[in-house]
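A.B. asks: Please model the entire structure based on the sequences and the hints provided.
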Amino acid sequence: MKKSNLVIGLLVLVAVIAAVMSFEPSETKKRVAVSGKVKVGFVYVGPVADAGWTYEHDRGRLAVEAEYGDKVETVFIESVDEGPDAERVIAQMAQDGANAVFTTSFGYMNPTIKVAKQFPDVKFEHATGYKRADNVATYSSRFYEGRHVLGLVAGKMTKSNTIGYIASFPIPEVVRGINAAYLAAKSVNPDVKFKVIWVSTWFDPGKEADAAKALIDQGADILMQHTDSAAPMKIAEERGIYAFGQASDQAAYGPNAQLTAIIDDWAPYYVRRVDDLMNGSWSSTDTWGGFDTGMVALAPYGKAVPDDVKAIAEEARKAITEGRLHAFTGPVNKQDGSPWLKPGETADDGTLLGMNFYVEGIEGSLP
Amino acid sequence: MDYGLLSSILHAILVASTPLVFAGLGALIQERSGVLNLGIEGLMIVGALAGFATALSGFPLLISVIAAALAGALLASIFALLVLRLYANPVATGLALTLFGLGLSALAGAQYVGQAAPQVEAWNIPILSHFPIVGHAFFSHDPLVYLSITLAILMWWFITKSRAGLILRAIGENHSAAHALGFSVIGIRFLAIITGGALAGIGGSYLTLVQTPLFVEGMTAGRGWIALALVVFASWRPLRVIVGAYLFGSVSIIQLHGQAVGISVASQWLSMLPYIVTIGVLVIIAGRGNISHKAPGSLGVTFKESK
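Protein chains in written order, with the working numbering: chain A, 1 to 367; chain B, 1 to 307.
The hints are simulated quantities; they were obtained by calculation from the structure and are not laboratory data.
Heads up, the beta-carbon is just placed ideally off N, CA and C, and yes, glycines get one too.
Only true hints are included.
Which chain A residues face chain B? A few, computed with CB under 7 Å, are given here: (1) Pro-47; (2) Ile-197; (3) Gly-206; (4) Ala-209; (5) Ala-211; (6) Lys-213; (7) Ala-231; (8) Ala-252; (9) Tyr-253; (10) Gly-364.
C.D. replies: This is how it looks when you write it as structure tokens:
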């Protein structure tokens, strides 16, 4: 008995010493931040090594460091749950002297707004949300522009006329992507069909892989996804079909399978906003950038993509970049057949941001 | 009905269920010896990483699986030391083991993200694998699927028919009585824990070697907890673990196929299902008072040798 008490006592002692020692450096860091350096914090929903969504945000962070060198200090916390814990993490960052905090997932919306009230001098930037305040800006990318191009490629290249789509949650962002891709595919291939599977997770490689296999078994020969892991790409490669990378270039997982990928390039935005912060011109804005701002980019086309398909895809990308083409251009009906866009009419941002319906032609219902 | 599709669905069900069979058996052998180990999730992911890293270095499947088993056993031995020798609370220690395993694998596995393991070749069983439908569905799998079923049968034999299994059960039911009879409670529980750890490790490695041949942190995504629920569902019987695992695998795969043809069930229900069923089984066991379905009597109770 005595021996085990001694062991526990020693362990507690070691833990206390470790805790005290780990507090020391953060105190010094705080002083550096106060002495003129701009400190920028990032809160990530996944691990930096997710090879997708969070990975790209972190590349943006590194771009900020590369751009401003010694003038800026960046910190990040990864794998922060979208629940109450997020509030604690965000507040802690502000407490530790961050001048600006980027919260990079939809689920951080309310925690960000809440913390922003407590720290009026700190600037907050929330990705993909819609709630703003004097010190809270929002930013997102028009990924649906990328989905349009993917849809064109998919519509042209499918042999079975069946596209498999692995979706996460029925939020407007995801629904918009499915609609944009479907409309584009349909425009070049009237026989095309979309099979959509909702997996109710952003990240579960096993489940995403099972969904990919189910879609392939049901005749899909091209996969699209709106989940964060590279598992579907890997399955596509194994089964000898095609897929599109999500959020990041995933050619490493599917050297033959990847047709192209939508790349979320946050670097231009982060660099610009940190500049605003340093010269005092920061204001609460709502940015929704697409191909034109460089926030949405495409990975190099895979070797399976023939030249004529490449040409169509590139033309569409150019037209969208120059503002000549909108991914949602009428006539488009909603799934129930009721008219949504008149011929030639383009969708307004308000409807797109709140999109909660399928367009006509997509089978199944939203969960 | 499209028979090719049916065959593919059955095939996918077996693949999706196999990690649960391994992990469930891993939890079961420990619980039959009276040890409640909530660290299965952590053991699985450490095995997942070890197996994947080994396969990536060019070793064959057998070596990769052995590496996963060793990694699981090694981590489990820490648990054994804490629980059996230092009398730590098994619930808290198991939870810590899960958190530790997840963190450790994330740290050590960061360098493997973005790489792909070599594909595992299927073993086509002669003659049988040429049968229509059932051939592809049941007899054209990777070796680990056959191993999982073999292990379940072996474990059933061990627990119900062998003398060593009887001792294991005796210790699980009443460790004081078993101790009084001269059996080494600590020693046998230690063996059970490492065996369980090794099995959970293999279950994890099935994810990274076959089901989703890549590694990212947290990729077990709760399968360790489902395995624990399965043991209760199976009322601590190895063969029922197979039934439970396949049942659960069927539900998850059929649900995906259902969506693809336009029939959808809220997937939240399906995520809850194994736990709801488990609670249901617990209620039934409690109500019937049937001794043969009861949890091992000494499950989760710390054993101290009285001197």
